[in-house]
Amino acid sequence: MTVYEELLDVLRSLGLKEGDVVAVHSDASAFGVPKDLRPLVAKEGVEALFRVYTETLIAAVGRAGTLLMPTFTYSACSGELYDVAETPSTVGALTDYFRRYPGVKRSRHPIFSYAGLGPAADELLRIDSYECFGPKSFFAKMFEHDFLYLMFGIPIQKGATCVYASEEKYGVPYRYYKDFWGPIKDGTEEFRVKSRYYVRYRELDIDDSWQDLEEELVRRDLARRTTFHGAPLVLFRARDIDRVIGEKLKEDRFYLISFLSRPREQRKWLRTARSRVKYENVGTVKKTSDFPRLLREYDEIRPVGDGLVVYGSKVTRLFSTLDFFILQMAKELGAKEVKVPAILDQTNAARSQYLNSFKHQALTVQSVLPESHFRGLASPTVCYHIFSSLAKKRVPHNGLIFTSASNCFRNEQSEGDILDRLRNFWMREIVVVGDAAFCKERLEEILEKTRLWFRDILDLDFGIYTAADPFFGEDSKIKQSAQLLEESKMEFRLTIPHLGKRIAAVSVNNHGQVFYSRFEFELSAPNDVRRCSGCVGWGFDRILYALMAQKGVDLDNEYYREVEQVRRRLEEEQTGRQISRDC
Amino acid sequence: MTKQNSSDIFAELKNVLATLPFHLSDIEKYSLSTEIRNLPGWDSFKHLTYLMAIEERFDIEIGPEEFREIGTFSDLVDYVERATG
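Here the protein sequences line up with chains A and B, keeping their order. Numbered continuously in the working numbering, the first sequence closes out at residue 583. Numbered continuously in the working numbering, the second sequence closes out at residue 1085.
The hints are simulated quantities; they were obtained by calculation from the structure and are not laboratory data. A portion of the hints provided could be inaccurate.
What the hints assert, rightly or not - The calculated label-pair distances, taken between Cβ atoms and stated as ranges, are:
#, chain 1, residue 1, chain 2, residue 2, range
1, B, D1059, A, K158, 31 to 37 Å
2, A, E86, B, N1015, 31 to 37 Å
3, A, R63, B, R1057, 41 to 47 Å
4, A, E18, B, P1021, 35 to 41 Å
Stated by the list, open to error - In silico SDA-like pairs for lysine to any residue, Cα to Cα no more than 20 Å straight-line:
#, chain 1, residue 1, chain 2, residue 2
5, A, K158, B, G1041
6, A, K35, B, G1063
7, A, K158, B, R1037
8, A, K43, B, E1056
9, A, K43, B, P1021
10, A, K43, B, L1020
11, A, K43, B, F1058
12, A, K35, A, V10
13, A, K43, B, I1062
14, A, K158, B, E1065
15, A, K43, B, A1053
16, A, K35, B, E1056
17, A, K35, B, R1057
18, A, K314, A, V566
19, A, K35, B, E1069
20, A, K158, B, T1072
21, A, K43, B, R1057
22, A, K440, A, S524
23, A, K35, B, E1061
24, A, K35, B, E1065
25, A, K158, B, E1061
26, A, K158, B, G1071
27, A, K158, B, F1058
28, A, K35, B, F1058
29, A, K43, B, R1037
30, A, K35, B, I1062
31, A, K158, B, L1039
32, A, K185, A, E80
Cβ atoms here follow ideal geometry from the backbone N, Cα and C, with glycine treated the same way.
Generate the whole structure from the sequences, applying the supplied hints.
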């Protein structure tokens, strides 16, 4: 019996038959060099071995079947070009041989590409979304059609990438989403895409642990296992492995991993309330070696006191552009634009209870004249004014949305670059007031719009984190834990490359019902409807700081010109729409 | 074939590796504990090609189990020592 016949027999005994669609994950070296093939390999090289395996696998599924192999390159993870025709597979020489086999097609995915041959290949390899494991990915299609996976020379532990797709589908506590830029070349076409990857927290020292999963599948007769020249072959259906993972993750959220060190501490890290990244975007960062000096010397930013700056016309224009994008969001949400003062009077300052929680950040305002009794708080936020204006009023059941931009003041001190922390900063807020569902949905909508703006237009390197306010006082820890557990505060933190850190520039806050009683306003709704308010604040100075740190200090450079062009294009589109409406 | 000691075998294993077109640098820095499968860009093609070159150099035959089990240069030295001994 030839190796070809022997392998075909083994594949048939596993249940692989003509017409099947199978994705083969492999380690072709696991079989060694079968004796019968040694003369051929000695004459033609190792690729002769791969040819025999490939042709046997093709024969096993026949002309009606489809053979697929992973040809992962992880190119986008390092921002490298993925050339569909040229970039080698990094997951085994057999897979790289297969992608070059006559008639084989390859998908355009810049991280997890597959190669395929057969009638189902076009549908499976077509990219509907550049997400890695999500509901439109290759893996989701495999689940949808309940196609087969074959581990060829390896156990599930070493190669069942589809497990990651199930981890994403069911949600695991040790992963979050990260978007990478993937430059792609396909023939003469070159383009860049964003690819979303469900990645592990860097803080964890864990590894995949899927041995039990394989045993469970075999025990339930959902996977068939045999050996070929001593190495394992395992065949199973996509839906079966996904279903078992779903069941097992319900029982134990850590079923698919092992802790390589400090298991108790790591479990605690995952379970306890802490600020944690929920999403990351890898933006294009222009490395500037001497950023602090360039920033200091840039004439557009003139320090005029401790934590106080005067901006030049270019920064002012950039602020107006940033504000334009936020106002677009506000318009889409149907927000009313209002103007607010920069001082909160004593009554409203007391209502806000700002001093109870943030005394250390407060800056007060008073007259120097002894006969004047006016006392106020230099506005720390915009939303307090909105709530003050609602005092003693009833908010309609279907909710209200306001937006305003203003100077805000907090007693913060910069320890580094001038723009790091300012006492007087510029902020726009969108404030939502309504029932809990209304506020939650609007806040999520704003968060998503901001994410897309930062990712696709500003191309910023940033993360979205669960966060807690820097409360003051004895119960500050409790308040912070509550915020973190409820995920009622999320922050967009932008990367400052030369400092190797991220700074908060946007915060999304769900206040619950606390401001209804403090500011004495009501919601026109039955008593059992949960009242809520929320706000999103964009700190222009901090966005400016991150932009300059990531894209260069010179506001005349190409990057800023492109951002400005996007603004102009959007403005023109709006004008066009307006004119066509007027006509 | 004359029986060689471990250090001679190890030196020869590195020599064979250097003759293959794998573009590996700093081969002289590899130690007995270096994991062969973790060498830069290592894949099954390189693994099979290398072990077949070792077979030819030492006139031995490496079985499928060893193709899977050999992890470090130390494992490979032991195997060659046993096979040529």
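**Study point:** In rising order, the numbers of the hints this structure does not comply with
**Key:** The structure breaks hints 25, 27, 29; every other hint is satisfied.
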